[in-house]
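A.B. asks: Now for the letters of each chain:
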Amino acid sequence: MTLDLTELPPRPDTAGELVDVPHGWEVREVEQFLYKEARLADENDYDGWEALWTDDALYWVPVDGEGDHPRAKVSIIFDNRSRISTRMKQVRTGKRYAQAPPSNLRRIIGNVELLGGRANAAGSVDLEIGANFIAFESRERGNTIWGGRTTYRLRKVDGAIRLVYKKVVLADNERAVPTLGFLI
Amino acid sequence: MTAVVPSASEVEEGGSRYDRLIQPARVHGTLYTDPSIYAEELRKIWHRTWVFVGHESEVPQPNDYVRKQLADQDVVMTRDKDGEVHLLINRCAHRGLQVCDDQAGNSSSFRCPYHGWTYRNTGELLGYPYNKGYGGKNQLPLGMGKVARVDSYQGFVFGSLAEDGPSLDEHLGAAKGEIDRLVGLSPEGRVALDAGWLRHRTRANWKFLAENETDGYHPQFVHGSIFGVTGSPIGALYSDNSTAVTRNLGDGHSENDLRPEFREFAEPMRWFGTTPDRVPSYVQAMKDAFGEDEANRRMIEGAPHVMIFPNLFIAEIQVFNIQPVGVGECVQYSTAVQIDGGHELNQRMVSQSIGSVGPAGMLLADDTEMYERNQRGVAMADPEWLDVRRGLVRESVDADGFTIGAATDETGMRGFWNHYKSLMEAEDR
Amino acid sequence: MTRHEEGPHHEVGLEEGADDVVVPQGRVVESEFASIAVRLDREGNSVRLRVEDLRTGRVRHLDALELESIVWLGEGHLTQLLDPSHERWRG
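Residue numbers (our numbering), protein chains in the order written: chain A, 1 to 184; chain S, 1001 to 1429; chain L, 2001 to 2091.
It cannot be assumed that every hint is accurate.
As the list claims (entries may be wrong) - From chain A, some residues computed to sit far from chain S (all C-beta separations above 10 Å):
#, residue
1, Glu31
2, Ala72
3, Lys73
4, Ser75
5, Lys89
6, Gln90
7, Ala98
8, Leu115
9, Glu140
10, Gly181
As the list claims (entries may be wrong) - Quick list of in silico lysine to aspartate or glutamate cross-link-like pairs, EDC-like style, CA-CA up to 16 Å:
#, chain 1, residue 1, chain 2, residue 2
11, S, Lys1081, L, Glu2043
12, S, Lys1146, S, Asp1080
13, A, Lys156, A, Asp55
14, S, Lys1081, L, Glu2066
15, A, Lys89, A, Asp47
16, S, Lys1044, S, Glu1163
Source of the hints: derived by calculation from the structure; they are not laboratory data. Here the structure is a predicted model, which is why all the values come from computation and not from measurement. In this text, a Cβ means the ideal position worked out from N, Cα and C, and glycines have one as well.
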């Protein structure tokens, strides 16, 4: 082992303690936000989707179930805010061939649960949500059905809901998966 | 699938099937689409030559094991109690069941879930339940299947399913020097491939990948989107003005040798996109290990970009293991190199690899899109051929006797096809 | 959220008792005749029991299938192993 794991910060999915659901959140508004995020991703509205994120964003798609520590082991995606921006800039060139032409997409989000609260670096508590999804992707390669579970963390900034964290655990992430060019 | 055979007017009379399909300046589309050619490749290449399977660092402890793929064979890579690495075929000698189910573990022995037959992690049959049915203990000369030959170089483990043939040393030939260059970036002389593997399912023939890995012609086109938005200097390495060379290393291996470009800049760690002051303890460890001048040379020249026939691709800080699944499908396994004694580099190698490779990688997802469009394209009837002549007009031989071309030339592909042809023309055994 | 756990599918735990051995931290099993430290070792690709003879420093790792096999050793077989001439002071 070449990495000294003691140097690593805690892994982002389990860092800190999961506390009670913070006050001031309604299930309905949360669901509406998740559906909007899904629609922006389905419709390849990169500007709209990117604008949902906070500056301390984390977008993570691990392999092998819940994944290992994302700084020590490889993941399919592990983007901070800066890398989300790079990813969006690349796809906006129209020459990101894995997504040019873009996939045709529709997804269903369900089983939405408010799981609790998670303290953030600024000292406030973000809302943590779990949900299942099925996404249907069509492109010339063929049709692909993607499925899994997403954990979101949301924060209200100046009265608007923003996306802080999104971890997508694909149900088949222990096997070889095809090119994932769209926003999962 | 196409079943288009070159018409009589297109080919010279006589010669083998592969003489007709593989010519100096072009190769035939059926090489990528014909199931009978794929079946022959399994026999003559994947089941015969040395194939990269994994790395010793994936089984660091005695009795560790991991499941790996060797073409169509499910293989268990084990380290026995004495430290020796074995490649077992994951099949019970009794009823043919898959013995190991987990992807990794630690066990001195494996017990088949079907009837309890138990094997040492060397493959030897250790026992079976209710032995009276077989006349007592130790009555059966059976064991798990084994990859006939296992050898490693600098920790990279290769297997050959053929009992005899060229040694791994002979197979690797000049490519050994490239692996040495990678390992030579470790002040401790060791790298690890223990950062996990991404698995990218690819609907294309494996040869499109092998050819693309040292194709210096495509990066500015396929990867222009990411080079442009990140201001990456990689594109310039593969421009028409680049001093980098494409080298046919022989035995099907090839490289894009970027050292001429990095030597011009003469800046240590430029190859890694950083400067010595940002990785001070690594730089010091390199100097302590190799002396100032030699350490600087290594840190200026950087890591290799080499395709080792048929399936190991070292792309500077990433390692790819390509395994075929069928004539039109393969899996790319990719990971980040981890340098022993390079802790300042290793987390960044993981992070850069996540950004670049795998199913969502900002480089490899685009390559893979091309492979898949390539596969659909070669199913078309006309033109029947793929052109591989780029650089034939300006090839030369370097001081070591290797054929070299310019950075964007198809010298590596021609080396690949030469070796491929020699293997495919060999007699079936 | 499912907490990620290393190693096998089942958590390894020993029952708590009066003078119990708590394995994850590493504890000593001791009598006037022998002194053995035991702890779980996660250095390998799945968890093992690390057993150290504190009087000699000799270490052995036992994997799950080996431990299961010890559990099922017949008393006679185990007694044979205790014969000092069986291995350590052979001959």
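A.B. asks: Could you run down the list of hints and mark each one as holding or not?
C.D. replies: The hints, checked one at a time:
The Cβ of Glu31(A) lies farther than 10 Å from every Cβ of chain S, with a closest approach of about 27 Å, so its non-interface assignment holds. With a least CB separation of 7 Å from chain S, Ala72(A) falls inside the 10 Å interface cut-off, contrary to its annotation. In this structure Lys73(A) is not separated from chain S by more than 10 Å, as the shortest Cβ-Cβ distance comes to only about 4 Å. The beta carbon of Ser75(A) sits about 5 Å from the closest Cβ of chain S, which is not more than 10 Å, so the claim that it is off the interface is violated.
The Cβ of Lys89(A) does not lie farther than 10 Å from every Cβ of chain S; its closest approach is about 4 Å, which violates its non-interface assignment. Remark: the non-interface label on Gln90(A) conflicts with the geometry, its nearest Cβ contact in chain S lying 5 Å away (cut-off 10 Å). Here Ala98(A) does not stay apart from chain S, with its beta-carbon only about 4 Å from theirs, under the 10 Å limit. The beta carbon of Leu115(A) sits about 25 Å from the closest Cβ of chain S, which is more than 10 Å, so the claim that it is off the interface holds.
Remark: the non-interface label on Glu140(A) conflicts with the geometry, its nearest Cβ contact in chain S lying 7 Å away (cut-off 10 Å). With a closest Cβ-Cβ approach of about 6 Å to chain S, Gly181(A) is found to fall inside the 10 Å limit, against its non-interface label. For the hint linking Lys1081(S) to Glu2043(L), the alpha-carbon distance of about 15 Å falls within 16 Å, and the restraint holds. Between the alpha carbons of Lys1146(S) and Asp1080(S) the distance comes to roughly 14 Å, so the proposed pair stays at or under 16 Å and holds.
Using a Cα cut-off of 16 Å, the hinted pair Lys156(A) and Asp55(A) holds, with the two alpha carbons roughly 13 Å apart. Proximity of Lys1081(S) to Glu2066(L) is assessed by CA-CA distance (about 13 Å); at most 16 Å being required, the pair is judged to hold. Taken as a hint, the Lys89(A) and Asp47(A) pair is honoured in the structure, with Cα atoms around 10 Å apart against an allowance of 16 Å. Taken as a hint, the Lys1044(S) and Glu1163(S) pair is honoured in the structure, with Cα atoms around 13 Å apart against an allowance of 16 Å.
Going through the hint list in order, the structure does not satisfy hints 2, 3, 4, 5, 6, 7, 9, 10.
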